[in-house]
Amino acid sequence: MQNGQVPKGVDRARLQALAPKLQSLSSSGFSKAAELAVSRGFAQALKGTGVTVNAVLPGPTKTEALAGYLKSRAEQSRMSEAEVEQEFFRTARPTTLLGRFTTPEEIAEVVAFVCSREASAISGAPVRADGGVVQAIT
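Residue numbers (our numbering): 1 to 138.
One should not assume that every hint holds.
As the list claims (entries may be wrong) - Under the rule of at most 20 angstroms between Cα atoms (straight-line distance), these lysine to aspartate or glutamate pairs were calculated in the EDC-like manner:
1) Lys-32 x Asp-130
2) Lys-62 x Glu-81
3) Lys-71 x Glu-81
Note that these hints are calculated values from the structure, not bench results.
Using the sequences plus the hints, can you model the full thing?
Take a look at the structure:
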């Protein structure tokens, strides 16, 4: 876009509706891309040393902070915490296959696995622990 002009074939209303979502996703997307690039770079630098480097990519995880937010949201909306969680996955993460938040313990188990001897053939890889949110096959 130059001078605020919307390119031909682009619906201005849709573009404006997407703008807040794109802003919130862009910082997350950039930081994940940087994490992947750094981990891949370290893996390449450590090639042949027996040290593996990977990036664990967690999805929506029920941390203490998130649990507090869900409780507050439930009180404000007069819904149960379970209903607030269901609403989140229905509206904000409809692609999830797990249908619930992962726990910090589940993420820790994935990290422990990636650090184990059983994962010695995995290096320079993104390892998703996202409950199936991402639809890409990569």
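Hints, one by one, checked against the model:
1. Only pairs whose Cα atoms come within 20 angstroms are accepted, and Lys-32 paired with Asp-130 is accepted, the gap being roughly 13 angstroms.
2. Only pairs whose Cα atoms come within 20 angstroms are accepted, and Lys-62 paired with Glu-81 is accepted, the gap being roughly 12 angstroms.
3. Between Lys-71 and Glu-81, the direct Cα distance comes to roughly 6 angstroms. Compliance with the 20 angstroms bound is thereby established for this hinted pair.
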